[in-house]
Each structure stands twice: as structure tokens, then as C-alpha cells.
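Protein chains: 2
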Amino acid sequence: MHVPLPCSVTSSPNQAPLLPSVILPPLCMRLPIFLPACSLPSHLLFPSPHPFFIDHFGFDQDLTFQQRYLVADQHWRKNNGSILFYTGNEGDITWFCNNTGFMWDVAEELNAMLIFAEHRYYGESLPFGNKSYSDSKHLNYLTSEQALADFAILIQHVKETIPGALNAPVIAIGGSYGGMLSAWFRMKYPHVVVGALAASAPIWQFEDLVPCGTFYSIVTNDFKKSGQCCSESILNSWGAINRISSTDEGLKWLSSAFHLCSPLKSKQDAAVLKAWLSETWVNLAMVNYPYKADFLQPLPAWPIQVVCKFLKNPKLPDKLLLQNVFQAVNVYYNYSGAASCLNTSQSATRNLGLMGWYYQACTEMVMPMCTDGVNDMFEPRKWNFHVFSEECFKLWKVRPRPSWIPSVYGGKNISSHSNIIFSNGGLDPWSGGGVTRNITDSLIAIVIPEGAHHLDLRASNPGDPKSVLQARALEVQYMKQWIEKSRHKH
Amino acid sequence: MHVPLPCSVTSSPNQAPLLPSVILPPLCMRLPIFLPACSLPSHLLFPSPHPFFIDHFGFDQDLTFQQRYLVADQHWRKNNGSILFYTGNEGDITWFCNNTGFMWDVAEELNAMLIFAEHRYYGESLPFGNKSYSDSKHLNYLTSEQALADFAILIQHVKETIPGALNAPVIAIGGSYGGMLSAWFRMKYPHVVVGALAASAPIWQFEDLVPCGTFYSIVTNDFKKSGQCCSESILNSWGAINRISSTDEGLKWLSSAFHLCSPLKSKQDAAVLKAWLSETWVNLAMVNYPYKADFLQPLPAWPIQVVCKFLKNPKLPDKLLLQNVFQAVNVYYNYSGAASCLNTSQSATRNLGLMGWYYQACTEMVMPMCTDGVNDMFEPRKWNFHVFSEECFKLWKVRPRPSWIPSVYGGKNISSHSNIIFSNGGLDPWSGGGVTRNITDSLIAIVIPEGAHHLDLRASNPGDPKSVLQARALEVQYMKQWIEKSRHKH
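From first to last, the protein sequence lines are chains B and S.
Letter 81 of the first sequence, counting from 1, is numbered 81 in the UniProt record's numbering, and no numbers are missing.
Letter 418 of the second sequence, counting from 1, is numbered 418 in the UniProt record's numbering, and no numbers are missing.
Be aware that one or more of the hints could be misleading.
Any copy will do: because identical chains look the same in the list, a pair fits if it lies in one copy or spans two.
As the list claims (entries may be wrong) - Okay, derived cross-link-like pairs now, DSS-like style, lysine-lysine, Cα gap no bigger than 30 Å in a straight line:
hint : residue 1 : residue 2
1    : 137       : 397
2    : 315       : 397
3    : 252       : 267
4    : 412       : 480
5    : 382       : 159
6    : 489       : 394
7    : 412       : 78
Quick caveat, the hints were computed from the structure, so don't treat them as lab data.
With the hints as constraints, model all of the structure from the sequences given.
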């Protein structure tokens, strides 16, 4: 057995806030949505669109909008098949369609029609067209409750318009926020879906349901496990940046060392750099897949191990340490070798999906996060609801309601529901807010120790670890049971 | 055995619309809300009010309002007691508080705190004060979903602020629309209430879930059973009114014969008279209690039997028949003998509660009703959604969405829920839209053959038939089971 050398950790004396003062949305959501269009198979239908009420819960406005959804029916058995319904989350639905290979892989076995429904305010499903994001009045209908109602009515519409679909049992499937929606959909509309597969769904990442530090401590553990002294190197990097960024010359040096497209000009810019680095480590933890993949970025297998190869010596002088940090993040941003410079605001612009999630985080989806630099490798930062609320009001003219999600969806008290699988990857920071223990014999937790963010929803791959194969097999088994049981009711 | 003589039925040749062209709300809701104030016991608390969001489902407006609720705790066992929560319906909560004696009767046995929550937009719980009903913009938050969210948050507030209440299991109780709310509350917020007693809750009186004629055929049966030729007399009365109201002299005669406060001036007024009579028969069916009572009006025991004493001969000439009809309705409107004249628009004015229900009927609560004069004693009238929708738009500038309630609350597909008692009176016209057969072993139907509208929720009375005593005993038994079971979870 190899005993790892102890790593000397330098605590950063300047405990400047790690996270930028703008609201950090749950990071899984920072999706580049301008991806190559979904490679839609030729059998993918676009049925005649159905008008959806923009406001399901009020009658003053009777406006409707067009919701986009994709249907694949090549494995569907008319009259006797099932429907797998992807509860779209914050992004272009074609992107989710392309990244949820699991549904395509199991369609034949379940005789299933696949439906991918786009979440309102994302992709092309914009209730007010290009005015949808113009102000809080137009954004007022961007909530999970409205989205769930869209899904319920879409399913009804599909069942009524596709011959032979009327009695087909429907299973909701989703990952991340989409997984939360799947679980909540089954909870609130059990008459519409016979069950739900909620992959990497942090339904408890709210209020004080889980400790606010869990998320970043899981990120840290991923780095700890992936290379000796790796997390310590990152922990030390914050102090190095703080020291170097205190002079103009240092800012210049940092801009050059990190190949930044826009040079740093102030201490404030250095805070943005640190936030961007933090985000990078978080994203790496989410996509730490066991094979070469292209989810948030094109990456090698076990990318954190690759990254950590550059981060073996936390005791290096500041500049040398940070040069290594650059090498490390360059794996994430430039694995293809095509980038001529790195853009610290890259994921925060160009992305309507991100805008939408910012808004949702400022209203319903208030997910407290904190770091302490002891149980994690980040600069200490407490969760401060007041500051958060002020930022939200500045940005959107809305105030977050942190207790609403637990009030409406039940918090930890969900045992009276049924037929929900909560799957979580042991490597996924979002598993900290997920359900990782069985609640009842029909509210099932599946943990995939070697899994990152909803690995189980990805297409089958030769590099899949055994644990995800077992998880998928179990998921299929439950889905078959739900389908079977629902048949006996008809 | 006495064989009843056959009654000759004259079908009315002029099949003018029976129901007035204004929207007929479910008639249980026509509550005189200017009743003597609830005789509040001295231990009835008014805890410090909690601000409720006017819009739980949108964040553009952050306005709040004061919801009224009443608390009685004299039988409550602190730390180890339960909470019975009345899900207020369309009216002043003190009136429901005074008319739900069952809760007071069982409080001691269940060690229960009683809470009566006022439904938003009724009584004193007006979100925008006296502007609440001013237009469709201010009325936009009058929905069942908002009301349920109010209840959920109120319960949370009460549990957090009353010492010893935090872990108390809560049971929702309601009658009529309040019963629908109780059932839906358990369906949507099972983490808040361990079960629900939904008395006389017509949760299926929507879309095509039940035949539109059932309601009025039950009314008719009540009259058939209560006196020989009674329903035939009423059926014949419409033709008599049509014939007499065709002349000015006839209108004059009708005004005098019915002691109307405002004389009839046109054929249109005669339609109002007929609608008012229909409403009277329906109300009598709802409050056909086995003992002297004062629910909608002060009335004798088995009031339909008393009414039918005047309606034994359907073959009488028009004027004699209608004079008898006057005697009959006079039992309903003037049992006390205090009224100097009868007011056909009486229940349609003075009553904010009624206004609110009209609005709800024009948005979510679209309950199709029809008559055919064959299976019922009313003039034939088909359900015409288009006409209804036009009326709603004229009145409120809103359009009804008839399929929304089944979509959101599940229609007949509710078997995955649990712990709901649906009680219905066999005499109650609303039982036609209610759940009268067990759905599962925890979705229980209790039918009280001798019961009218939520008789079981009324205070115990020496005149109670055995069936309601049995119903109440069973209800208490289930409630105890729910409470017991919830204790094992803590």
C-alpha cells in the first residue's frame, strides 16, 4: 500500500469572498446551449404543436405559447407500448435529447415512445418570443409549477392525438433540475405518470434540508481521490492569486499566465477569475466520467485525474503553482486544442438557458451553498441570504422565497408518494442534495459510486463501470414493474 | 302496501330555457353571508396574523395579504394532540365555524386543536381589500391552487408559532367546495395533512366525468320520495308559468300570487322567477335534514315533506297549481313568518361570497349541468359550453377552462393517493358528482342514505338518523388510524 505524503496546506490569509457577488446558479445548469443541433433521427416527429396557456394558474391573461417537443416512435408498440417522457430542464431540448442515450437504449425493451419536452423559457419554447426575458413581468411565468402543468397537458394532448397512445403508461425521466421535475411531476401528477426516474436530482438542496457545505466538500473529495495533493494545490491557489493580484503587474502576469482573452484590470476582475476557476473545478466534478465524453466540454476519460497530473505540488511558489493551475484548467477548456485564449465570462454570456436559471435561482430555486476552506478546497464563504436577495432584486426586481420549494414539494417528508427512483452518482456534487437512501419500498435510492452527474442517463459505453450497468438494469426493472402494474388497472 | 296513484304529467310546450342566462353557480354556494356573527367561544384565539403571498406561483408581485383564521384549543393536548383543519370555502369563515359542529363534537376524543381557515377572497380575507372584486386583474389570484397554498403555509406558520404544535398530525376537513379542497389538499400536500375528510365534495362534477343530468335527477328523486305527485306538480308548474306569463295581466297575477317584492314586468322576468324556483327546489334538496335546522334558511325537519304537502295535485288548473307552488316555496323563504314579500334576486345580491363563486365557476370550477324534463322535473336545458363561456367573458372578461380541474387534480384517476374519506348524502344532489364507492382501502366512500348536503359535518342532533351516526363513527375511526400511523413515523 502506498501511503500518500502529507501535503502542506497554506491557508489563504486574505479570505476574500470566493464566489462572485452575482448569484451563482447551480452550476450544472451552465450549459453551452449553442451546440451543434441535435442529430435528430429521421423518425423523430414534430407533431402539430398544441397551444399552452402561459399562465395555468390565473385567468386574467388567456395567452398561449408554442411548446417544442420531440417524439421518437420507432420502438413504440402501438396500443400496447409505453411512453418515456423527458421532463426538459433549463436548456435547448435537442441538447438533452442528444445527451440522454439511456432512453434510446431502453426504448426497444420497453416498447416505448420517447418524448422530449422543452421547458418553457428555454430553447425555442419562449412564451413571449424575444421579449420573454425583457422584465420581471414577462418572466413571471417561469416557474417549476407552470412547467409541470405544461408537461401534464402535453401528455394529455399527445395521448389524445397519437392513435393508440391513449392508455399508454407514461414514465417521467429527467436529470439534474430535469430530475427534480420528474420527481415532482410524479408527486403532483401521479394520474399522469406511473413513475419517475429522477437522476441526480438535488430535491433537498434547499433551505436547511442538507448542510450548505456538502456540495463543495464532494467536489473537493473528487479531487482528493484523483491525485495526490491535488485538492491542496487548489486550496493554495486562492492565496497565490490574492497575493499576485494585489499589484497591477501581478494582474498582468495572471492575464498572461491564464491566457485570458480579456486581461484582468482590477482586484474585482481577480475575484471573477477565482469564481471562474471554482466553477471549472465544480464542472469537472460533475462530468468526471469514466470515458472520453463531450457533455459540458470535450474531455478525456476521468478528467479530474488528468487535471490533477498538473497539481501535484501545493508547496510551489505562487507563480509556478498558478502556471500549473492554468495547465489544469486548460484540460477543461481546451482539450481539443482549438482555443486561442480562455474567456472567464464564457459560460455567463451567450446563453439564454443560463439567464433563465439565474432567474429561477432568484425566485424558487434558492439553493444555499457555502464553503469553509477546511472541509473543502475553496475560500471560505458563508451562505448569506440577505446579500443573495439584494442581488436578485438588483438583477430581476424579484425577491427569492427560500422556503417555497420545501413547502410546495414536501421537503424531506415525501414518504406518502410512490414509484420514484432517485439515482445519484457518488462523485457528483449534487448527490449531496439528493435522495441517497430508500425512503419506502417504492421511493428507491440508487447510488452509483463511480458515477458523476447522471451518468446513468448517458448512452451505454464500453467504459461504463459495473455500478452504472447495475443501476440501469435496476431502473429498467422498476420501470417494467410500474408499466406492468398500470396495465392491470385498465 | 299502498299503491300510489299515477300522476298525469303535463309536459310544458314552451320549452323556454329553465336556467337564467347568467351563470348558475353550484347552488350550495348561495350562502347568505350576512348571518349573525359566529358565536365564538371565549377560548377561540386569533393568533397574530401571518402575511400570505397574494401570488404563490409568480414572483413579479411580492404583495401579501392577511388571511383570517380561527383557532379553538380547549381540547387540544399540547405536544401530543392533533389538529383538525377546516379548509374554508366560499364564504365567511365564522359561518362555517358555526355550521361544522362535528369538529367541535370530536375535538375532545381526538385531543384536537380546531383551525378554521378562511378562503382568500371571501369573508374578511380580501387580498386587495374592497378592490378585490373590481376587475379580472384583481381577481386573478382567486383559484383553488392559491387557496391550497395558503392553507399549506398557514399550517406551517401555526405549527411553528404555537408551542407544542410542531409535530401534531393535521387532518383536513371540509364540506362541499370545502370538501373538494380538503381532498385536493391531501392529494397535493400529503406532507402537510395526514388525511382528509371530504364531505359532500363533488370532485367529479367536471367535464364529462359524470352525466350532466345527474344533479337535477337527484333533486327530482328527493321530491318524488317526499310526497305523492310532488315532482309532477313541479314539472307541470313550468308550463303553467309559461302560459300565464304570456300576458301582462298574467305577469301581474304571478307577482301577486308569489308575493314578489318586485313585480314581474316581462317574459324575461318570468324566466328569472322560474330560475329562482328551480334554485329553491335545489336548495331544499341540499338542506333536506331530518330535524329543524337553520343552514341556508330556518326550516322544519324534512322540509321537502312539508313542501310537498302543498304539491299533491299536478292536474290542477294553472292558477291553482301555482298558488300551491307559492305555498310550497313560502315554506323555504318564510318559515319564520317574518317576510312581507319574496325577493327573486335575494340570493344574487348582498353576497360577496356568491360573487366569488360566480368568478370561480367562470374560470376553474366549470360544472356542466343539464336537465331534460324526463329524468327530472325541470324544463329541458342542454349544457352549452359556448354560451356559458360567452356569459363568463361578458361578466368577468375571463374564459373558463373546463378541462383544467381534471387535468390538475386527476379526474377519476386518483387511486395513487391515500387517506381520504369521501362522504356523501344519498339525498344530496351533489352526491352525483361525488365519490360514492371505495377506490382503494384508503380512499374510502361513505354513503349516508338519509343524508342531505354534508349532514355528517353538522353537530350531533337527537334527530340524526342511524346512518349518519355510523358515518361519523367510521370517520372518527379512520382519523384515529391516520393520527396513530403518523405518530409511528416520528
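task: Kindly indicate which numbered hints from before are broken by the structure, ordering the numbers from low to high.
output: 2 and 6
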